[in-house]
Amino acid sequence: MKTISMCLMMCLATGVVRADWLQFRGPNAAAVSTEAKVPGDDLKIAWAADLPGRGLSAPIVVGERVFVTCSSGPGQETLHVFCFNAADGTKRWERAMRSTGRTMTHNKTCVAANTPCSDGERVFALFSSNDLFAFDLDGNLLWLRGLTFDYPNASNSLGMSQSPVVMDGTLVVQSENDSESFVAGLDVATGRNKWKLERPKAANWTSATVWKNTVALQSSKGILAVDPATGKTVWDYSDGASTIPSSVGAGETLYAVSHGITALAPEKGSVTQLWRNEKLNSGTASPLVLGDSIYVVNGAGVLIKASVKNGDEAWKLRMKGPFSGSPVAAGKSIYIVNERGIFQVIDPEAPEGKVVKEIELKETVLTTPAISGGAIYVRSDAKLWKLQ
Amino acid sequence: MKLSLACLFALAAVSLQAAEDLSKPIEALRAVQKEGEGNEAAGKAWGEIVKADPAALPEVLKGMNGANPLAENWLRAAVGVIADAALKAKKLPVEALVTFLKDTKNSPGARVVAFDLIHRADEKLAEDLTPTLLEDPSSDLRRHPVAKLIDAGDAALEKKDNAAAIVAYGKGLGGARDEDQIKVLAKKLRGLDQKVDLPKHFGFLMSWKMIAPFSNADRAGFDTVYPPEKELKFDAVYEGKTKEAKWVDYTSADEYGKIDFNKPFGMEKSVVGYAATDFFSTEDRPAEIRIGCKDGWKVWLNGELLFARDEYHRGAKLDQYKLPCQLKKGKNTILVKCCQNEQTEQWTVEWEFQLRVCDATGTAILAAK
Chain A
2 MKTISMCLMM CLATGVVRAD WLQFRGPNAA AVSTEAKVPG DDLKIAWAAD LPGRGLSAPI
62 VVGERVFVTC SSGPGQETLH VFCFNAADGT KRWERAMRST GRTMTHNKTC VAANTPCSDG
122 ERVFALFSSN DLFAFDLDGN LLWLRGLTFD YPNASNSLGM SQSPVVMDGT LVVQSENDSE
182 SFVAGLDVAT GRNKWKLERP KAANWTSATV WKNTVALQSS KGILAVDPAT GKTVWDYSDG
242 ASTIPSSVGA GETLYAVSHG ITALAPEKGS VTQLWRNEKL NSGTASPLVL GDSIYVVNGA
302 GVLIKASVKN GDEAWKLRMK GPFSGSPVAA GKSIYIVNER GIFQVIDPEA PEGKVVKEIE
362 LKETVLTTPA ISGGAIYVRS DAKLWKLQ
Chain B
352 MKLSLACLFA LAAVSLQAAE DLSKPIEALR AVQKEGEGNE AAGKAWGEIV KADPAALPEV
412 LKGMNGANPL AENWLRAAVG VIADAALKAK KLPVEALVTF LKDTKNSPGA RVVAFDLIHR
472 ADEKLAEDLT PTLLEDPSSD LRRHPVAKLI DAGDAALEKK DNAAAIVAYG KGLGGARDED
532 QIKVLAKKLR GLDQKVDLPK HFGFLMSWKM IAPFSNADRA GFDTVYPPEK ELKFDAVYEG
592 KTKEAKWVDY TSADEYGKID FNKPFGMEKS VVGYAATDFF STEDRPAEIR IGCKDGWKVW
652 LNGELLFARD EYHRGAKLDQ YKLPCQLKKG KNTILVKCCQ NEQTEQWTVE WEFQLRVCDA
712 TGTAILAAK
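Chains as they are written, first to last, in the numbering used here: chain A, 2 to 389; chain B, 352 to 720.
The set of hints was computed from the structure by calculation and includes no laboratory data. Check before you lean on any hint, since a few could be wrong.
Unchecked claim - Dumping the calculated DSSO-like pairs for lysine-lysine here, alpha-carbon to alpha-carbon at most 27 Å:
| hint | chain 1 | residue 1 | chain 2 | residue 2 |
| --- | --- | --- | --- | --- |
| 1 | B | K534 | A | K109 |
| 2 | B | K385 | A | K202 |
| 3 | B | K439 | A | K384 |
| 4 | B | K551 | B | K649 |
| 5 | B | K385 | A | K233 |
| 6 | B | K673 | A | K202 |
| 7 | A | K92 | B | K402 |
| 8 | B | K538 | A | K109 |
| 9 | A | K197 | B | K385 |
| 10 | A | K92 | B | K439 |
| 11 | A | K195 | B | K395 |
| 12 | A | K92 | B | K441 |
| 13 | A | K92 | B | K395 |
| 14 | B | K673 | A | K109 |
| 15 | B | K442 | A | K92 |
| 16 | B | K668 | A | K202 |
Unchecked claim - Coverage of chain A stretches by chain B, computed from C-beta distances (three or more under 8 Å per stretch; other residues unrestricted):
| hint | region |
| --- | --- |
| 17 | 98 to 105 |
| 18 | 135 to 148 |
| 19 | 157 to 164 |
| 20 | 173 to 186 |
For every residue, glycine included, the Cβ atom is placed at its ideal position computed from N, Cα and C.
Let the sequences and hints guide you as you build the complete structure.
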């Protein structure tokens, strides 16, 4: 136990050599790579792989495998799960399934909107149609669920995008909508429900934050942190929160996308508000914490840097927007792609922040990058790129 | 000759053996139910099925016949794995797949998979098969010949052969079941001065009796049982939210069959309306009632609640919800409850629905009278 703790501390202090990016916004849904080897800013397109359908879901990376989902067909009923080789972008396997739930979405989004997640052994792919598939890393189907088949009013006619998270043998899946709104903890081995909770009857596109052994579920009502094993409430913040950008945890603090940003210190069932800055308004992108600063992308495409200690603003940097995807970070760089496919590298340590590199991907990109092995993975409706 | 016969028997024996070996695992996949029931057994069975010889593909596809959508996906995934290997080894049993495709008793979903595999193995053969799919029970398979007829019509138009274009487009429209293709064809035919009756093509129910406004304050009206849910008395007058609630006759002039409560009752908010109509069926038969609605709604057929949905202003489209049902010969009464909420934004004005009666392919079932 001591050895593990020592290793963990060393990794946190120095970064691990290589780390997987197992879910939306990577390790602990914090959007910051824990690797020692960072992509830096001298990036080029290493390879590009063709995709057969749309997707707002982000890629995830497990070892040498990159997983990505797509939806295709006239009604987006065909649901694809792909596994590519990280080294060269060749396809290892593809599975094509059929939606059992509703596939109607707003034109801007699509059925492959939820980012898959992995526990390192399995990949869990959820779609807006509420179809959920578990594969092993070699593409063997382990189990599946049709959550709208199970719960017929669980859908949103605008589309859903809540990405699942996995923790200690439980896959936490949200389907929060105006009608049959719920979150469920599923056994990763069988896909059966361990627990299921009703959630506020309101459309919600946020994803859970994995933080301090809890899964923090955000909604218009606030943030409910549950024990992933049982679904039991650990703490509950009820002062409202956003339904699009998701909160982020760092250290002992959860930075809630609530009335701008509200810094929370939940402890033993109660929640203390440390500070609130209502001017830190996130647009669609979720915030990230890097070092002692929090970074927020507002609706005008302006990156705002503020102190994690008190929320005081340090600078504002206008980037080339607009943005649907969220920023991610590694080392001292922040990476984000705008909707027009301009990949931007930001130096947040420059006095007023600075865009130090741009790569034109020349396609619409509405999603969040992934970082692993010193490389960055980005996808559009037609391509998956590796930048290195 | 003797040798050939011996080979045939041997092949048949192998095939039978494969089928026998797979029957149990296929059954395990077909046994999956809601909430993950049967997943454990299915996972093991799937691992056995994907090891099967490509010759077993038709048997695995047959497993999809009558299976629930979850089981279909288990089987679809297994077929994908077997087929990927078979294609790589050039061992896909194309002839058997063509036979499977041609047998329309097989499930539409399985036949779509079979066609896709044929297409991957032999594009020319798939092209040759395409025209035979125009009246197919699968709306997915119909898309291919309809697309070809659109192309053929366009080509004829380029040669200024309007008569040939009208024939191609008309034939395409006859087979088309998906809205995008129907819209394209209707526009092209109208551009050539041809009449297109979209309400009839889709099977929209255009004439209704409607009553409103009952209260939907705090969205409680959705679950409140107002008099039309207890009795359909078209000469009755009830206390409404802002005025007396009375039945009125309404016939939609919208070619997509929108039944708009705002027209007879005004742009009310936080209100509930009902619409009722009789549909005369020529026979007892399975059918689908398909509704598009961005308000809260409930639909009853002959007094039986088919589905209820309390989502407001997230969007509407044709065939948004498909409600399988059983029509009886003669009169069938359809009652729709349509709930408008309190939102005041410009995009929340709509208080309407569109409803059609069709078969599982989306082919309109027209009323007997």
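Now the hints, each set against the structure:
1. K534/B to K109/A: Given pair K534/B, K109/A holds - Cα atoms ~21 Å apart, limit 27 Å.
2. K385/B to K202/A: holds, 22 Å
3. K439/B to K384/A: Measuring from Cα to Cα gives roughly 24 Å; hence the hint holds.
4. K551/B to K649/B: Answer holds: K551/B to K649/B is near 24 Å, not above 27 Å.
5. K385/B to K233/A: Since the Cα atoms of K385/B and K233/A sit roughly 24 Å apart, the hinted pair holds (cutoff 27 Å).
6. K673/B to K202/A: holds, 23 Å
7. K92/A to K402/B: Distance of about 21 Å is within 27 Å: holds.
8. K538/B to K109/A: holds, 26 Å
9. K197/A to K385/B: OK: K197/A and K385/B at ~14 Å, within 27 Å.
10. K92/A to K439/B: Since the Cα atoms of K92/A and K439/B sit roughly 14 Å apart, the hinted pair holds (cutoff 27 Å).
11. K195/A to K395/B: With Cα atoms ~21 Å apart, K195/A and K395/B stay inside 27 Å; holds.
12. K92/A to K441/B: Judged against 27 Å, a Cα distance of about 19 Å means the pair holds.
13. K92/A to K395/B: The given pair, whose Cα atoms are some 25 Å apart, holds under the 27 Å limit.
14. K673/B to K109/A: Measuring from Cα to Cα gives roughly 24 Å; hence the hint holds.
15. K442/B to K92/A: Answer holds: K442/B to K92/A is near 21 Å, not above 27 Å.
16. K668/B to K202/A: holds, 22 Å
17. 98 to 105: Contact hint for the region 98 to 105 of chain A vs chain B: holds, 5 residues under 8 Å.
18. 135 to 148: holds (count 8)
19. 157 to 164: holds (count 3)
20. 173 to 186: holds (count 3)
Checked against the numbered hints listed earlier, the structure breaks none of them; every hint is satisfied.
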